[in-house]
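Chemist: Take these sequences, add in the hints, and give me the full structure.
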Amino acid sequence: MCSGRVDLAHILRAFAKGADGVFIGGCRLGECNYITHGNYHALNLALLSKKIFEHIGLNPRRLHIAFMSGGEGNLFASEVDGFCKTIKELGPIGQSEEISPARLEEVMSDITRLVPYIKIEKHEKLTVCLEDETTYEDHFSLDEIKRLFEEVASYYIDPAKCQACMICARSCPVEAIDGGKGVVHVIDQDKCIKCGTCLNACPSRFGAVTKIVGGPVPAPLPLDQRTIVRKGGKEKTTSTEKVLP
Amino acid sequence: MENQLIAQPSDGFAQGNFGDVIVVGGGISGIQASLDLATAGFKVYLIEKGPAIGGHMAQLDKTYPTNDCSM
Amino acid sequence: MHIYFAQAIPLITYIDESCLYLKEKKCRICEGACKNDAIDLHQTPEKIELKVGAVILSPGYDVFDPKVRDEYGYGRLQNVVTGMDYERLMCATGPYEGEILRASDRRHPHNVAWIQCVGSRRDTAGDNGYCSSVCCTYAQKQVILTKDHNSETPCTIFHNDVRAYGKGFETFYQRTQQLPNVRFIRSYASIVGEDPETKNVIVRYATADEGVKEEQFEMVVLSVGLNPPKDYQGLAKKFGIEVNGHGFCQIDSANPMATTRPGIFVSGAFQGPLDIPESVFTASAAGAQCGELLNSRRGRLTTERVYPPETDNTAAEPRIGVFVCHCGANISRVVDVPDTVAYVQTLPNVVHVQNQLFSCATNSMKAIVDTVKEKSLNRVVIAACSPRTLEALFRDTLQEAGINKYYLDMANIREHCSWCHAREKEAATAKAKDIVRMSVARSIKLEPLQEFDLPVNRAALVVGGGLAGMTCALSIADQGHDVYLLEKEAELGGNARRLHSTIDGKNVQADLTRLIRRIYRHPAIHVYNEAVITEATGYIGNFVTRITSERGPAVIEHGAAVIAIGAEEYKPTEYLYGQDDRVLTHLELGERLAKSDAAVTGAQGVVMIQCVGCRNQDRNYCSRVCCSHSVKNALQLKAINPEMDVVIAFRDMRTYGFNENYYREASHQGVRFIRWTPEDPPTVEAAEADDGRAVLQVAVTDSILGSKIAFDADLVVLAAAIVPSRGAQEIASLFKVPLGPDGFFQEGHVKLRPVEFATDGVFLCGMAHYPKHMPEAVNQAYGAAGRALTLLSNDIVTVSGAVCEVNEKQCMGCGACVEVCTYDAIELRKTRQGEKAVVNPVICKGDGLCNAVCPTGAIVLKHFTDLEIESQIDALLPEPIEVQ
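Chains as they are written, first to last, in the working numbering: chain A, 109 to 353; chain B, 12 to 82; chain C, 2 to 885.
Hints were generated in silico from the structure; no laboratory data involved. A portion of the hints provided could be inaccurate.
Unchecked claim - Here are the computed lysine-lysine pairs in the PhoX-like style, where the Cα-Cα straight-line distance is at most 20 Å: (1) B:K60 to C:K48; (2) B:K60 to C:K239; (3) C:K810 to A:K299; (4) C:K432 to A:K193; (5) C:K238 to B:K60; (6) C:K36 to C:K432; (7) A:K196 to C:K432; (8) C:K36 to C:K48.
Unchecked claim - Per the computed footprint, the stretches of chain A lying under chain C, defined by three or more beta-carbons under 8 Å from a beta-carbon of chain C, are: (9) 146-157; (10) 162-169; (11) 262-271; (12) 287-293; (13) 299-307.
All C-beta atoms in this analysis are idealised placements derived from N, C-alpha and C, irrespective of residue type, glycine included.
Modeler: Quick look at the structure:
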């Protein structure tokens with residue numbers, strides 16, 4: 109296993125569970141024993157996480173990444189000692205930041221739900237090799253993180269356009285789409301990971317799935333109004349008798 | 012030539028003190044030779060004058076240049 | 002009665018000759034004390050007759066005993082220790098449990114000096130003439146570790162040229178130099194005595210600036226060298242082999258594993274002073290040669306291990322057994338083991354907890370097997386040391402007990418706890434509990450995994466037809482395997498084609514011609530000249546490599562691959578090379594010497610300049626071979642014309658091992674050695690000598706006198722660096738193996754896996770690994786053959802079950818995983834639900850990068866799943882706040 113295996117969700121989970129700090133140790137950069145150089149991924153992840161924490165008002169110094177070889181026990185010890193000192197200065201999580209445990213839990217939970225979305229949006233930046241230490245700080249900017257959270261997309265199936273063909277439901281990796289043959293499909297926004305698979309899956313001639321950025325998602329049709337009544341040919345209406353263009 | 016001289020018919024030798032190779036010395040080199048030969052299908056006798064194998068390497072603290080633990 | 006040392010294998014107590022009963026038939030207390038009736042005082046030495054087909058001698062070395070010369074003060078002065086003693090002092094299992102203390106007052110020394118070359122590189126009686134090869138770097142390691150113990154301690158190394166000739170040694174040397182309060186002083190140092198009160202050791206030495214001076218050190222470490230094994234004469238007599246003048250095995254430089262007696266081989270330091278990696282690959286090499294000899298009887302005497310059938314525990318409630326190891330006192334002197342055991346009993350799903358003195362001891366492992374069976378355990382946690390060393394062993398134990406071996410978790414309470422928190426016992430015990438609790442939590446989530454048995458194609462591919470590649474190919478072919486040998490040039494031979502003699506006077510071309518003839522005549526070796534690899538796919542046991550060659554395109558299927566693509570001589574841009582044809586490299590000089598070129602044989606003055614193109618910013622490594630190469634050529638020039646003025650301008654003479662003898666010989670022959678420093682390198686310019694002949698004038702600043710000395714040279718010979726082959730990068734990416742920071746191929750482990758890669762089934766030898774002398778290349782070539790045979794001689798190979806897997810339903814086909822997998826183990830396949838990722842588990846190395854980038858969690862690194870990792874996170878943090 110490589111330090112590149114560390115997942116954003118792991119870090120968030122530790123903080124959500126009340127950890128005061130998280131330390132990631134990886135091999136020396138550029139000295140991969142395999143050919144993966146996954147420690148650069150870990151570095152990117154740490155840089156991203158720090159910016160996210162800064163964005164939500166959590167001290168980014170609570171996360172620390174350091175690189176060393178298996179033979180550098182002294183370096184490991186001094187890194188850990190230094191980090192423990194930092195954490196002691198910062199005190200228990202949320203205290204110096206003035207975030208209540210409940211609020212922290214809520215925020216971490218919100219971000220955890222967005223992990224798939226963040227992975228997709230930042231995939232490129234999370235997998236590059238940063239050779240120059242001076243570029244670390246600006247690899248992710250605060251503005252960028254702000255935008256990332258503002259522009260969280262939601263996906264919505266327009267009941268007027270949905271042909272209840274099951275294509276999107278079958279392709280959804282997290283089974284967030286409800287509905288069946290002849291029943292208008294509805295995305296369960298709590299389950300949705302915002303991967304956009306349904307958008308791509310919906311046949312373009314239907315175009316029923318839309319991506320909504322920023323705004324609220326319309327409420328789903330009540331359960332009793334989802335059955336499609338076909339009037340022959342290719343036309344169709346829902347049980348509300350609303351005729352489609 | 013050598014092969015024919017030394018590789019006598021060995022069927023039925025599995026019983027008794029017949030082996031393929033004796034390795035004299037159980038330091039890192041003797042251990043590696045024994046492991047390789049055994050994995051490659053030979054019966055090996057590893058003999059060591061001391062009470063344990065490992066030789067000098069077992070007594071080192073770390074090894075250069077990576078300073079990994081020697082054990 | 003003793004236990005040899007804490008981690009001894011086998012770990013058994015033994016009785017030595019000082020036993021009262023054995024001497025005087027008295028005592029017998031131990032018999033009564035042993036509850037298991039295990040003591041038998043009537044054992045007598047037994048003679049066992051073994052009949053074998055071959056013998057490998059690997060008796061190792063003995064450490065030089067500085068007591069043979071009173072001047073070292075060893076044994077007389079309490080605070081003078083040998084390097085080996087110091088090694089034990091630093092070690093956690095050592096006399097002061099890892100504290101470096103002075104024998105005189107049990108205090109930490111605050112000022113330590115190392116004296117190099119103790120017993121080595123000296124002509125005097127009792128000392129050895131050769132260089133012991135390992136002391137320079139082990140002393141640097143000890144400096145670094147001393148600084149780990151106490152970063153304030155000033156460290157001084159007295160040396161006579163630092164021989165950082167090996168892979169990674171030069172940067173290691175720099176790392177040591179850069180530590181604060183470290184001095185490297187080039188001077189012979191002698192021990193004058195000790196201060197009667199403080200017992201500090203007084204050392205006399207000389208420097209260019211200050212002349213002779215004395216200085217006190219609180220401790221002095223003698224960097225003692227390597228001797229042949231003590232009883233080398235008895236050994237030689239017993240086995241009927243010859244030894245050389247130093248008492249090491251007499252070997253043939255064309256095959257350093259061969260002794261003077263057929264069927265008896267030598268490996269390790271009995272060949273001569275060797276470092277650990279050489280000891281390891283000469284062992285594999287000697288193994289390969291036994292294999293050549295005994296190929297016809299392979300497999301006849303071996304028996305296969307049979308494991309009991311595995312119980313299916315997938316549906317069973319987790320029943321965890323936890324075994325907490327004392328590791329002798331390594332763990333238990335810091336961590337309260339009984340307290341930890343009591344605590345673990347309270348954890349969920351734990352049905353058995355016990356402590357063990359050494360969990361890795363044979364009897365303890367038996368106890369684990371028995372307990373698993375008796376209590377129907379289906380998970381085992383070993384709270385002991387790092388999984389790096391013993392996980393394989395304990396997995397085997399689980400298999401013996403009939404449960405899936407991936408149901409094991411190791412809680413590292415030694416390296417991660419007792420060793421680093423020796424002074425905080427209570428906190429360490431609390432941490433040990435945390436670590437075990439996390440381990441128990443993880444083990445609940447563990448899943449049984451299946452390993453893959455793959456068929457092994459019995460053929461090998463050897464890339465590179467130089468000395469190493471050919472030697473390796475022959476050894477594999479002689480053990481009954483087809484070998485495909487690829488050479489990029491039109492002819493075999495590589496760099497060896499340009500070498501004409503060895504330092505010990507062997508005719509390289511004659512040997513090479515014989516070797517090439519054997520290759521072409523061998524029915525199992527298929528040579529492809531002018532070969533270019535166009536594609537390399539597949540995996541251990543089943544590679545497919547496409548090539549084009551003078552014989553047209555070909556597809557080669559093979560089970561193993563050996564990278565032996567060699568290295569190249571650097572084309573200098575320095576010292577008028579290429580501008581003035583009187584400036585040559587050593588290879589060029591060798592070729593001209595072989596032709597008895599008049600410009601060479603008739604030269605009055607020759608100046609050799611060392612370290613051209615390496616040990617600098619561009620190439621921060623030592624090319625290892627050039628010092629000996631220069632000495633060899635200098636001796637040849639002197640042999641042609643003893644009056645010839647031969648000068649070697651060097652930085653450090655690194656004639657390690659027995660080559661030191663030739664360095665000394667060159668001095669005796671009147672070869673002049675002058676040192677230069679990188680800040681003030683030599684200059685070369687065309688000039689006129691006093692006698693009016695046109696010469697090249699080489700000016701070197703003498704480091705002792707501080708003034709420029711000019712030499713008139715008819716020829717200037719550059720010790721040009723050895724640089725990685727131009728094809729290295731491409732070959733590395735084709736076979737998915739790494740290159741090190743210097744551009745040479747990076748082996749699996751510097752010490753213990755010197756001829757293999759982390760990528761299974763791919764092996765390495767020759768200068769592709771690092772510059773090396775021909776005998777060393779031969780050693781490594783046979784070594785690679787030996788390791789390749791451990792794969793090729795089996796019908797199947799087993800690969801890890803801890804690999805990635807895709808849950809197709811969850812896969813959204815985004816391809817993020819495919820992109821990050823540098824092993825090309827993942828591909829997207831079209832399905833009715835769109836594209837889905839598929840992992841080839843055999844190629845997957847289990848790094849888990851794909852798992853981290855997968856948005857939906859569809860791809861999972863087995864054995865390190867999110868569920869397993871998160872259970873550990875949750876177990877660590879005592880008051881969980883629910884996330885969702």
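Chemist: Does each hint hold? Answer for all of them.
Modeler: Hints, one by one, checked against the model:
1. Proposed proximity of K60 of chain B and K48 of chain C is supported: the alpha carbons are some 14 Å apart, at most 20 Å.
2. The suggested pairing of K60 of chain B with K239 of chain C holds, with an alpha-carbon distance near 15 Å, which does not exceed 20 Å.
3. Distance hint between K810 of chain C and K299 of chain A is fulfilled; the C-alpha atoms sit about 15 Å from each other, no more than 20 Å.
4. The straight-line distance between the Cα atoms of K432 of chain C and K193 of chain A is roughly 18 Å, inside the 20 Å bound, and the hint therefore holds.
5. With a C-alpha separation of about 17 Å, the suggested pairing of K238 of chain C with K60 of chain B holds against the 20 Å cut-off.
6. Under the criterion of a C-alpha separation no larger than 20 Å, the hint pairing K36 of chain C with K432 of chain C is inconsistent with the structure, at around 35 Å.
7. Distance restraint check for K196 of chain A and K432 of chain C: the Cα-Cα separation of roughly 18 Å lies within the 20 Å cut-off, and the hinted pair is therefore satisfied.
8. A C-alpha spacing of about 30 Å is found between K36 of chain C and K48 of chain C, which places the hinted pair above 20 Å, so the restraint is violated.
9. Note: the region 146-157 of chain A has 3 residues with beta-carbon separation from chain C under 8 Å; the three-residue rule is met and the coverage holds.
10. Beta-carbon proximity to chain C at under 8 Å applies to 0 residues in the region 162-169 of chain A; the threshold of 3 is not reached and the given coverage is violated.
11. Against chain C, the region 262-271 of chain A contributes 0 residues with a C-beta closer than 8 Å to a partner C-beta. That does not satisfy the three-residue criterion, and the hint is violated.
12. With a threshold of 8 Å between beta carbons, the proposed coverage of the region 287-293 of chain A by chain C is violated, since 0 of its residues qualify and at least three are required.
13. Coverage of the region 299-307 of chain A by chain C holds [criterion: at least 3 residues with CB-CB distance below 8 Å; count 3].
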